[in-house]
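> Based on the provided sequences and hints, a complete structural model is requested.
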Amino acid sequence: MEIELEINGVEQTVEASKSDSLLDVLRRNGYTGAKRGCDTGACGFCTVHVDGEPVKSCVEPVTKVRDASVETIEGLGEQDDLHPVQQAFVDNTALQCGFCIPGMIMRATALLETNPDPTEQEVREALSDNLCRCTGYKKIVEAVLDAAERMDGGTVAADGGKAFEGNERVANSTECAVNDCDCMEGGQ
Amino acid sequence: MSDSDRARETSEQPDRTGVEDAAPAEAEKESEADVAREPDRKPESERDAITVDEEKDDARKIVTGEARYTADYRDRFPDLAHGKVVRSDIAHGYVESVDTSAAEAMDGVDAVITPFDDVVPHKLYSSSGQSYPEPSPWDLKVLREHVRFVGDPVAAVAADDPETADRAARKIEVEYRELDAVFDPEEAFDDDAPQLFEADDVENKQSGADYSRNLESHFEGELGDVEAAFERASNDEERHVIETEWETPYQSHCVPEPHTTIAYTDEDDRHTFITATQVPFHTRRQIAHLFDVPIRDVRVKKPRIGAGFGSKQEMAIEPIAFALHLAAGRPVKLEMSRQEEFTALRFRHPMRMQMRTAVTDDGDIEAMDLYTLSNTGAYGTHGMTVANNVGTKPLPIYPRVPNVRFSGDVVHTNLPMGAAMRGYGAPQGHFAVEAHMDEVARRLDFDPIEFRLQNAVREGDLDRSVAILKDGDRFTREIRSCGIRECVERGREVIGYDDLEQPESDHLHRGVGMALIAQGSGVAGKELGAAQVQMNEDGSFHLQVGGVDTGTGADTMFSQIAAEVLGCTPEDIVVIAADTDLTPFDYGAYASSTTYISGRAVKNAAEDAKERLLEWGSNLLDEPPDVLDTGDGGVYSERSGNRVSLEEIGYEATYGDDEREHILGDGNHSTDESPPPYGAQFVDVTVDTETGEYELNKLVFAADCGVAINPALVEGQIEGGEHMSLEYATSGDLTFDEDGNPEVLGFRQYGMPRTTDHPEMETILVETHEPTGPFGAKSIAELPTNGVPPALSNAIRDAVGVRLTDLPFTAEDVTAALHEQSAGDE
Amino acid sequence: MDIELTINGERTRVEAGSAEDLATVLRQHGYIGVKCGCDGGACGASKVFVDGEVRMACGMAAADADGSEIQTVAALGTQDDLHPVQQAFVDNFAVQCGFCIPGMVIQAVALLDSNPDPTEREVREALDDNVCRCTGYQKPVEAVLDAAGRTRGEESVAADGGRSVDGAPRRAESTGCCGGECDE
Amino acid sequence: MGPRAEPSRPAAVEVSAMSDDDETAKADGGTASQSETVEDERYEEHPLEWDEPDNNDKAPDERDSVSHRTEKYDDRKLVTGQAKYTADYEARYPDLAYAAVVRSEIPHGRVTDIDTSAAEAMDGVDAVLTPESDAVPDTKYTSAGQSYPEPSPWDMRVLNEHVRYIGDPIAAVAAEDRSTATAAVEAIEVSYEEDDYVTDPEDAFDEDAPQLFEDGEVENEIVGHDYDRNRMAHIGGELGDVDAALDGDTHVHETEWETIRQSHANVEKHTSLAYTDEDDRHVLITSTQVPNHTRRQLAHLFDIPIRDIRVTKPRVGGGFGGKQAMVVEPIPLALSLATDRPVLYEASREEEFYAMRSRHPMKVRARTAVTDDGDIEAIDLYALSNTGAYGSHGMTVAGNVGSKPMPLYSKVPNARFEADIVHTNTPQTGAMRGYGAPQGTLALEGHLDEVARDLDLDPIEFRRRHHMEVGDLDEIAGMMGGEGANRRIRSCGLDECIERGKDAIGYDDLEQPDDDHLHRGVGMALSAQGTGVAGDELGAAQIMMNEDGSFHLQVGGVDIGTGADTAFLQIAAEVLGCDEDDIIVKSSDTDVTPFDYGAYASSTTYISGMAVKKAAEDAKERILDWGSKLLDEPVEALETGGGTVYSETSGDSVTLEEIGYEAAYGDEEREHILGKGTHCTEESPPPFAAQFADVTVDETTGEFEVHKLVVAVDCGVAINPGMAEGQIEGANHMSYEMAVSEGITLDDEGRAEVADFDEYGLPSATETPPIESILVETHEPTGPFGAKSVAEVPTNTVPPALSNAIRDAVGVRIREMPITAEKIEAKLDEREARLGDL
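Protein chains in written order, with our numbering: chain A, 1 to 188; chain B, 1 to 826; chain C, 1 to 184; chain D, 1 to 838.
No lab work stands behind these hints: they were computed from the structure.
Check each hint, because a few of them may be wrong.
The calculated DSS-like cross-link candidates involving lysine-lysine, where the alpha carbons are at most 27 Å apart (straight line), are [unchecked claim]:
{"no.": "1", "chain 1": "B", "residue 1": "Lys61", "chain 2": "B", "residue 2": "Lys301"}
{"no.": "2", "chain 1": "D", "residue 1": "Lys827", "chain 2": "D", "residue 2": "Lys363"}
{"no.": "3", "chain 1": "D", "residue 1": "Lys77", "chain 2": "D", "residue 2": "Lys586"}
{"no.": "4", "chain 1": "D", "residue 1": "Lys84", "chain 2": "B", "residue 2": "Lys301"}
{"no.": "5", "chain 1": "B", "residue 1": "Lys205", "chain 2": "B", "residue 2": "Lys470"}
{"no.": "6", "chain 1": "B", "residue 1": "Lys42", "chain 2": "B", "residue 2": "Lys61"}
{"no.": "7", "chain 1": "A", "residue 1": "Lys64", "chain 2": "A", "residue 2": "Lys18"}
{"no.": "8", "chain 1": "B", "residue 1": "Lys301", "chain 2": "B", "residue 2": "Lys141"}
{"no.": "9", "chain 1": "B", "residue 1": "Lys205", "chain 2": "B", "residue 2": "Lys141"}
{"no.": "10", "chain 1": "B", "residue 1": "Lys171", "chain 2": "B", "residue 2": "Lys301"}
{"no.": "11", "chain 1": "B", "residue 1": "Lys470", "chain 2": "D", "residue 2": "Lys629"}
{"no.": "12", "chain 1": "B", "residue 1": "Lys123", "chain 2": "A", "residue 2": "Lys18"}
{"no.": "13", "chain 1": "D", "residue 1": "Lys586", "chain 2": "D", "residue 2": "Lys84"}
{"no.": "14", "chain 1": "B", "residue 1": "Lys301", "chain 2": "D", "residue 2": "Lys586"}
{"no.": "15", "chain 1": "B", "residue 1": "Lys301", "chain 2": "D", "residue 2": "Lys77"}
Here you go:
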C-alpha cells in the first residue's frame with residue numbers, strides 16, 4: 001500500500017506493507033539515522049518526532065502516521081551547521097559508539113521544546129527511556145543542559161536582544177527564571 | 001563544562017603530573033636506563049596534539065545521523081537478501097530432522113541451510129577472536145546437530161526481505177532427540193552429570209580439559225609456598241587466616257548495535273564482510289580456515305560499529321551469513337534481534353570464587369589464595385583466558401605478597417555462552433579480591449585504605465603474580481609507572497571519605513567503600529599492531545592502521561598521536577582503519593590494547609615518515625636534519641628559526657624538480673610488556689535498614705592511565721565503564737527456568753541502568769608516564785569496569801556492617817544480611 | 001510497461017519504458033556484461049543473443065524483445081569454467097581494456113556455431129562491426145581461430161568418437177585445400 | 001641513486017672502455033661511439049655504467065615470473081562480463097542522478113542568456129547549473145592531467161560564458177534518469193552574441209585574425225605565448241649551428257607533412273561518478289589515467305582540501321591519453337555538491353567526437369643538410385600545431401614532435417626544432433598515445449626516406465649510418481629544456497629490430513604482382529619514444545604480507561586495460577619468490593594506494609614498476625630476516641623462491657606461509673611484514689621500433705592494399721611478452737588509422753562531422769591488415785629487470801612507413817595524411833602530366 005506523509009518537511013508517498021513499522025519505512029527510504037536496537041520500543045535508538053512528539057518508531061505502525069509530519073535526525077542540522085543540541089553533544093564529547101545518539105538527540109530536542117530550561121533531574125527523567133551503553137549518561141546529561149543554555153541564547157539573538165558573553169548570560173537567565181523578573185529585556 | 005572543570009582541577013592540583021614533583025627520591029631511582037627508554041616523555045608545555053580534548057572525528061556524523069553502521073549499507077546492495085537464524089528451543093539434544101520444504105516453497109526465499117548442507121562447513125572451530133592457534137577449544141559448528149543450549153543455531157534462511165525471512169524461519173520444523181541437561185556449574189562438575197561433549201567433539205583442547213566432567217579447562221599457579229604460609233598463620237597468634245566466598249552472575253553486553261554482518265563477493269572476487277567486529281583480522285583468518293578459502297581471498301571491513309564491549313571479539317554470526325551468501329549467490333545481511341542478543345549471543349561468565357589470605361597483626365599480607373569456578377555455558381570460547389584474568393589482573397595490585405596461589409576450573413552447562421566482556425575476568429576477580437581485602441581490614445580493625453596502601457603496588461616493584469600461570473619469568477614485569485596512591489588520595493578527598501555526614505533518620509546509614517583496581521595494556525607477548533603513513537602533497541597524511549575503533553574514539557586518538565609526531569593538527573590526518581584489504585595487520589580491539597599497541601605502531605609509522613620529512617626539510621632549508629624538528633604544520637630549525645611548511649614539503653616531494661618521493665612511513669609494534677593502568681573506585685552509599693534499600697550518592701573514579709592522549713575521551717571511557725560496573729553491582733543478571741529457557745528476552749526484563757538510575761559520577765585523571773607506551777600512555781577502557789561491585793559491597797559494609805557477596809545486590813539481599821547479622825549478634 | 005524475458009535461462013518480468021532499449025534494461029537488471037560504447041548500434045559492445053541471433057542490445061527496443069530468450073556473455077562460462085571462446089581470448093592475450101570483449105565473444109561464439117572452421121578472413125569479417133581500440137584485432141582474430149581449433153577438436157572426439165585431431169594441422173588443411181573437394 | 005651519485009671517471013677512460021666493450025655493444029645492436037670530443041663533463045654526468053642491483057639483470061632461465069606469458073589477472077572477469085567499469089557501479093547508488101551537458105552551438109561568442117526555467121520545471125530534474133551557479137567554480141584551470149604546476153595554460157572554465165568552439169560546455173543538468181536529463185538539456189535555451197571565428201591554424205596566426213583569448217584571460221601562461229596572434233606557446237631548441245650547415249656545401253631538402261585530427265575513440269566513454277560518502281569524503285569513481293593529478297586539480301578548482309577528495313579508478317575501457325585529463329570530472333562533482341546525491345556523467349559517443357579531446361593536427365616541415373657522402377649534417381624540424389580552442393597539453397605535445405624522433409639521429413651534429421602552437425575555434429585537443437611523436441616521426445622518417453631515394457641511397461642503410469647506438473650521449477632530447485634531458489643510451493636494439501623486421505616482411509625478395517598496373521613496395525620507418533617524462537615522474541608502492549604467505553600490493557600505478565597490474569604482480573612475484581596468484585593487487589585509489597603520476601608518457605612499467613620492485617625488496621629484507629630466525633642461518637645465505645625462503649648453503653627452506661604465521665602470531669616477537677618503495681629518476685631511456693609496411697598499389701586507380709605490417713620493438717626486457725605484443729599491435733592499429741583514415745573532419749564552422757563510430761574511420765577487423773609484432777630483447781639497466789616502455793612507440797610509425805612503401809611501389813609521395821587512393825591517383829596523374837610536359 002502507499003502511505004503519504006511528510007518527512008523532514010518534504011511530502012512523500014512511500015510504499016509500505018501493513019505490518020511495517022515507521023522505522024522499517026524510514027530506513028528503507030534512506031533515513032538510516034534512526035537505529036534499530038530492539039524492535040520492542042525498549043531502547044529508544046529509533047526515536048523520531050511525529051507531529052512534534054517523540055515516538056519510538058520501531059513500535060509505531062506506519063499506518064498510524066498517515067499524513068503525519070515526521071522529523072528525523074537528518075532534519076535537524078548538518079555537519080557544518082549543527083543544531084544546538086547536536087553541537088552540545090559534540091562539544092561535550094557526549095558520544096562514543098554513537099548508535100543511541102540519534103534517538104537521544106531527538107528525545108532531547110523534544111524535551112527542550114516543552115521545557116527549555118530543564119533541571120538535571122528533568123533531563124535524566126526525559127531521557128530515561130533512551131538507553132546508552134557507552135557513556136554512563138554523564139556527558140549526555142551535561143550536553144543537554146548545555147544545549148538548553150545555548151538555545152536560550154538563540155532566543156535572545158532572535159529577539160535582537162543584546163549579545164552577552166555566553167557564560168554570564170547563562171548565569172543571568174537561570175537566576176532570573178527563578179525570580180521571574182524581566183531583567184533580560186532591561187539589562188541589569 | 002568538563003573542560004573547564006578539568007582546567008580548574010589542574011590548577012588547583014599542582015601535583016597532577018605528580019610523579020616527578022612528588023617523589024624526587026624515586027625519580028632518582030628511575031635509573032639511567034629508564035631515561036634512555038623514554039625519548040617521548042613530553043612536559044605538558046611541549047604537547048601539541050596529545051592530552052588535548054580533540055573532537056572525536058566522527059562526532060558530527062553521529063549527531064546528524066549520517067554515520068553508517070553495517071545495517072545502513074543495505075542500500076548499496078539492491079539484491080540484498082536478509083538472513084534469519086532458526087535456533088534450538090531445547091537445552092540439550094540432537095537434531096533428528098529438519099523439514100525445510102514449507103520454507104523453501106515460499107516466494108522470495110533465496111536459501112535455506114541446515115547442518116546437513118554441503119555449503120555449511122562441518123569443521124569444529126572456536127568463535128573467539130583471539131591470536132592463533134586460538135587459546136579456546138574448537139567446540140563449535142556453524143549450524144549444530146548436537147544442540148547444547150536454548151538458542152543454539154540449527155538452520156538459517158535468506159529471503160528477499162526481513163519479513164519473509166522471519167516467516168520462512170518459523171515454517172522450518174525441527175525434530176529433536178532430547179538429552180538430560182545440567183544448569184549448575186557445580187552439578188555439572190559431578191562425575192555423573194549429563195555430559196555436553198564427547199572426547200572427539202572438541203579439537204584444540206585447552207590445558208586441564210576433562211570433558212567427562214564437563215571441564216573445559218583447569219589451571220593453577222603458585223608463587224612461594226602458600227600452604228606453608230597458611231599453616232604458619234593458622235598456628236600463630238599474630239597472624240590471621242581469613243577466607244571469603246563470592247558469586248557473580250551472567251551479564252549482557254547490551255551492545256547498542258546488535259551483531260550485524262553483510263557478506264558478499266565483490267567484482268574483484270573478494271569475499272567481503274562489512275561487519276560489526278572488534279577483530280577484523282582474526283575474523284578473516286577464522287573465516288578462511290572454517291570455509292577453506294585462502295586468507296588472501298577474504299576481506300573484512302569494519303564500518304562504524306555500535307560498540308562491542310567484547311561481544312564482538314567473536315566471529316559470532318559471520319559464518320552463518322557467509323554460508324547463506326554462498327547458498328543464495330547474492331549479498332546477505334544478517335542482523336540479530338535484541339532477543340537473540342539476550343538469549344543466544346555472548347555474555348560475561350558467571351563465577352563462584354574463594355579468596356583466602358594470611359595477614360599479620362602489622363597488616364602485612366603474607367599469602368593470597370584465589371580459586372574460581374567459571375561457568376562458560378555451552379561452549380568454551382574465551383573460557384580459560386577469561387578465568388585466568390580473574391587472578392592475573394587484581395592479584396598484581398599486591399605484588400609484594402610473597403606467597404600467592406591462583407587456580408580455577410572452567411565448566412560447561414547447558415546455558416548460553418560466556419565470552420569476552422570488557423574487564424575480561426577482572427570484574428569478577430576484583431570483586432573477590434577487593435571486597436576480601438576490605439573485609440580483612442575491617443575484621444582486623446585496620447583502616448581499609450591504609451591497609452591496602454601498605455600492601456599495594458609501588459613504582460619499581462617487580463610483579464610476578466601477573467605471570468603466575470606461566471612458566472619462567474619472561475612475563476614478570478617491572479612496574480615503571482604507578483599512580484595508585486595519588487588515585488586514592490584524590491578520590492578520598494573528592495568523595496569526602498574523612499568527613500562523611502550521616503543522614504538524620506536513624507534507619508538511614510551512609511558509608512563509603514573503596515576498591516583498588518588494576519588492568520593490563522594488551523596481552524603481554526601476544527599482540528601486534530601495524531600502521532602506514534602516506535603524505536599528501538597538501539601537507540596532510542593518510543594514516544592506514546589496522547587498529548579498531550569500536551566507538552571509543554581510537555581513530556581520533558591515532559590521529560592525535562600521528563599529529564604529535566608529524567607536527568601537524570589531527571585534522572591533517574585522514575584515518576583509514578580496520579579493513580583487511582587496505583590497512584596493516586592488527587590483533588583487534590580487545591584486552592585494552594588499542595592505544596598501547598596500535599597507538600605505538602602509529603607512532604612508529606609517523607616517526608618513520610618524519611625521518612623523511614626532516615630529510616626534505618633539510619634539503620629545502622639547507623640545514624642538517626639533526627637541528628630540525630616538526631611542529632606547527634612545518635619543519636623548523638632549532639638553530640636558525642627558519643621553517644618550511646608541510647605543504648611546501650608535500651608539493652616539493654611530489655612535484656619537485658630534482659628528486660621526487662612519496663613520503664611514506666611504516667611501523668610495527670609488538671612487545672612483552674603490558675603495563676597496568678591503575679584506579680581507585682569510591683562509592684558513597686546510603687542504606688535504609690528498614691527496607692534494605694540502598695541509594696548510591698556518588699561514584700568517584702580516579703584513574704592512572706599514564707598520559708591520557710585525549711582526556712575527554714578517557715573520561716568517557718571511565719564513565720561508561722563505571723556504568724557497566726554499576727549494573728554488575730546493582731541490577732544485571734540473566735535468569736532461566738528449570739528447562740534452561742531464558743527469562744530475560746529484552747531490555748524490559750534486563751536491569752540496564754537508565755539515566756535516572758545513575759548517581760552523580762566524578763572522574764579524576766592522575767597522570768603518570770609509562771615509558772613503554774606511546775607518549776607515556778597506558779590503557780583505560782577496561783579498568784573502570786572492575787570497581788563498583790567491591791566498592792559498593794565495602795560501602796554497604798561501612799554503612800551497616802553487613803557483607804554482601806552475591807551480585808547483584810538487591811534490597812532483599814541487604815535485608816537478609818541484616819537479619820543474619822542481628823541473629824548473629826543475638 | 002511489463003515485458004517478459006528469459007535471460008540466461010531465467011524467466012523474468014521486467015519494467016521497461018517504451019523508448020528504452022534492451023541494453024539499458026539488461027544493465028538495470030545487473031547484466032553489466034552488456035556494454036554501451038556508442039550512441040546506438042555502432043560499436044558492437046552490447047551484443048547479446050536474442051532467440052539465438054546476435055543483436056546489438058542497444059539498438060533494439062526492449063519492447064521488441066518481449067517474450068524472447070536472451071543470452072548475455074554471463075551465460076557462456078564462469079571464471080572458473082570458461083567457454084572455449086573465452087578461454088581462447090584469455091590464453092591469446094586478446095584482452096586489454098576488455099570493454100569490447102563481451103560483444104566480441106558473443107559474436108565469435110555465433111560465428112563458430114554457424115561456421116566451426118572459419119578462415120582468418122571469415123573471422124575478420126564476422127568481427128567487422130565490433131569496434132576494438134586496444135588490440136589492433138590481431139590477437140582477437142588469433143583467439144577466435146584458436147577457439148575454432150579447440151571446439152572442433154572437442155567435437156570431433158566427442159561427437160563421432162573419431163581420432164583426435166590436432167587443431168593446427170587441420171586448420172592449415174582446411175584453408176589450404178578446397179573444402180574436401182580435391183583429391184589430396 | 002641517480003646518475004649524479006655515480007663516481008665520476010675521466011672521459012678518456014670511458015671512451016676506451018667503450019672500445020673494449022665493442023663486441024658487447026654490437027651484440028646489443030650498436031657500435032661504440034667513436035666520439036673523441038672534449039665533452040668530457042657531459043659524458044661524466046651520464047656514465048654508461050649503471051649501478052644496477054645484482055638481481056636486476058637476470059638471464060632468461062633465471063626468471064620465474066618476469067618475461068613469462070602470465071595470464072592477465074583480470075582477463076577471466078573481462079571475458080565473462082563480470083568486470084566493473086565506472087557506469088557499472090550505477091546499481092550501488094539507488095539515489096543516483098544522471099548528468100547531461102548543454103554545449104555551445106556556435107564556434108565563438110558570448111552567452112548572453114541561459115533560460116533554464118523550462119528545464120527546472122520538469123519533473124525529475126534535480127539541478128541545473130550555469131556559469132553563474134555557486135556550485136560551479138569560476139576558477140581558471142587546465143584539464144591536462146600533468147605534474148604541478150601544470151605545463152599547460154589555465155585557460156578553461158568548467159562552464160563557459162565565453163564559448164570558443166562548437167561543444168564548449170555552458171550548462172549542466174542532473175536528473176533522476178538519463179532521458180529526463182537529456183530532455184532537460186534540450187529545454188534549456190541559450191542566447192549568444194556571436195564573434196568572428198577562425199578554424200585554420202595558419203589563418204589564426206595572422207595578426208588580424210579573430211582573437212580567442214583577451215589579455216589577462218589566461219593564467220599560468222606558457223613560454224612564447226602571444227594571444228594577439230592566437231599563439232599559446234612557441235618553443236625551440238638548437239644544437240650546433242643549423243643555419244650554417246644548411247648554408248654550407250650540402251644537399252638541402254625540405255618537405256612538409258600534415259597529420260589528421262585523430263580521435264582516441266576509447267571504447268568506454270568518459271564516465272565519472274561523484275558522491276560524498278559516509279566519511280565525508282568527496283569520492284570520484286572515474287575512468288581516468290591520472291587519479292592523483294585529478295585529485296589535486298579538483299581540490300584546486302573547487303577549493304576543497306586535497307585530503308578530502310578520493311579518486312578511485314575502477315576498470316577503465318581504454319584511455320590512450322584521452323583520459324590523461326580531468327575532462328568530465330568537475331561536472332558530476334559540481335552537480336553532486338549541488339544536489340547532495342551521487343551523480344553519474346557518461347559522455348555520449350557524439351560528445352566523445354566533438355567535445356572531448358583529439359590528437360593535435362599538425363603541419364610539420366623537415367629540412368636536412370646532407371653531404372655528397374650521405375652524411376647528415378643538420379636536421380631542422382618546424383611544427384605548427386593546432387591546439388583547438390584550449391591549450392591543454394599544447395606545448396608539451398608539440399615539444400615531443402622534435403624531442404622523441406630526432407634523437408634517433410643523435411649523431412647528427414646540428415639539430416634544431418621549433419614549434420608554434422596556435423588556437424582555433426575547433427574542438428579541444430589533448431594528450432594522445434605517441435604524444436607528438438607520431439607527427440614528428442611522419443615528417444622525419446618520411447623526409448629521410450625521400451632524401452635517401454633522392455640521393456639514390458638505400459633508405460635502410462642510410463638510416464643505419466646515423467641511428468643511435470649504445471653509448472651515445474643524446475643531447476637532442478634535452479635541447480629544449482623542459483621535459484627532456486641529456487641521456488646516455490645504455491640499451492639499443494635498433495639494428496636487430498631492422499634485421500628481424502626486414503626478414504619478416506621479406507624485404508630482400510619481394511615478389512611483384514603479375515598484373516602490370518599493380519606495384520608492390522615496402523616502406524620502413526624507425527621510431528624512438530621515451531620511458532616516462534625524464535625527471536618528472538614519481539611512483540610509489542606498499543606491500544603487506546598476509547599470514548598465509550600471500551601479499552597485498554598497493555600501488556598508485558594506473559592500469560587502463562594494458563595489463564599494468566599484471567606486470568606489477570610479475571615484478572613483485574619475481575622479487576618475493578612467490579606465484580603471481582599469491583599477490584592481491586590494489587591500484588589507483590588515492591585513499592589507499594601511494595602516489596603515482598599516472599598512466600602516461602609510457603611510464604607505468606618503468607616508474608611504477610620500479611617502485612613496486614623496491615617495495616617488494618623492502619619486504620623481502622624482512623622476510624629474509626624472519627627466514628634467518630626460523631632456519632637459524634645468516635641472512636646472506638638465504639634467498640626467496642618457489643614460495644619459500646631457502647638456504648643456498650644448507651638447502652633447508654621455510655615456506656612463506658610459515659613465515660607469515662610466525663610473524664603474525666609467533667611467540668617471541670611479532671611483526672606485520674611491510675614494504676614500501678618510491679621511485680623517481682632523471683632517466684627516460686628510449687624504446688625503439690622498426691616498422692615495415694608491405695603494400696600493393698594499383699597505378700590506374702591509386703587504390704592500394706596493405707598486405708602486412710611488421711613492427712619490431714626493443715622495449716628492453718618485456719615483463720609479459722603476451723601483453724607487450726598486445727600493446728604493439730594495438731598501437732600499430734592506431735598508427736595505421738592515422739595513415740589511412742580521415743579522422744575527425746570539421747565543417748567550415750569547426751563543427752565535428754563525425755557523430756558515431758560508423759562515421760569515424762576506425763579500421764575494422766577486415767580493414768586492418770595482419771600485424772606481426774616482434775620483440776627484440778635488450779637489457780636496460782635503469783629499468784625494473786631491464787624493462788623499458790612499449791605502449792607508445794609503435795603508434796608513431798605506420799604513416800611514414802606506408803608513405804615510404806607507396807613511394808617504393810609507385811614512386812609518388814603522399815605527405816598529407818590520410819593516404820587515399822584519390823591522393824595517390826592525383827599524384828600519379830600529376831607525375832604523368834609532368835613527364836608528359838617533358
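> If a hint holds in the structure, say so; if it doesn't, say that too.
A quick look at each hint next to the structure:
1. For the hint linking Lys61(B) to Lys301(B), the alpha-carbon distance of about 19 Å falls within 27 Å, and the restraint holds.
2. A hinted pair counts as satisfied when its Cα atoms are at most 27 Å apart, and Lys827(D) with Lys363(D) qualifies at roughly 19 Å.
3. For the suggested pair Lys77(D) and Lys586(D), the alpha carbons sit about 16 Å apart, so the restraint of at most 27 Å is met.
4. A C-alpha spacing of about 20 Å is found between Lys84(D) and Lys301(B), which places the hinted pair at or below 27 Å, so the restraint holds.
5. Of the supplied pair hints, the one linking Lys205(B) and Lys470(B) holds, its CA atoms being roughly 18 Å apart against a limit of 27 Å.
6. At roughly 33 Å between alpha-carbon atoms, Lys42(B) and Lys61(B) are farther apart than 27 Å, so this suggested pair is violated.
7. Taken as a hint, the Lys64(A) and Lys18(A) pair is honoured in the structure, with Cα atoms around 10 Å apart against an allowance of 27 Å.
8. Taking the CA atoms of Lys301(B) and Lys141(B), the gap is near 24 Å; set against the 27 Å cutoff, the hint holds.
9. Taken as a hint, the Lys205(B) and Lys141(B) pair is honoured in the structure, with Cα atoms around 15 Å apart against an allowance of 27 Å.
10. Distance restraint check for Lys171(B) and Lys301(B): the Cα-Cα separation of roughly 33 Å exceeds the 27 Å cut-off, and the hinted pair is therefore not satisfied.
11. The hinted pair formed by Lys470(B) and Lys629(D) meets the criterion: a straight-line CA distance of about 24 Å does not exceed 27 Å.
12. A hinted pair counts as satisfied when its Cα atoms are at most 27 Å apart, and Lys123(B) with Lys18(A) does not qualify at roughly 42 Å.
13. At most 27 Å may separate the alpha-carbon atoms for a hinted pair to count; Lys586(D) and Lys84(D) meet this at roughly 14 Å.
14. Among the hinted pairs, Lys301(B) with Lys586(D) is consistent with the structure: their alpha-carbon atoms are about 15 Å apart, no more than 27 Å.
15. About 23 Å separates the Cα atoms of Lys301(B) and Lys77(D), which keeps this hinted pair within 27 Å; it holds.
The structure shown violates the earlier hints numbered 6, 10 and 12.
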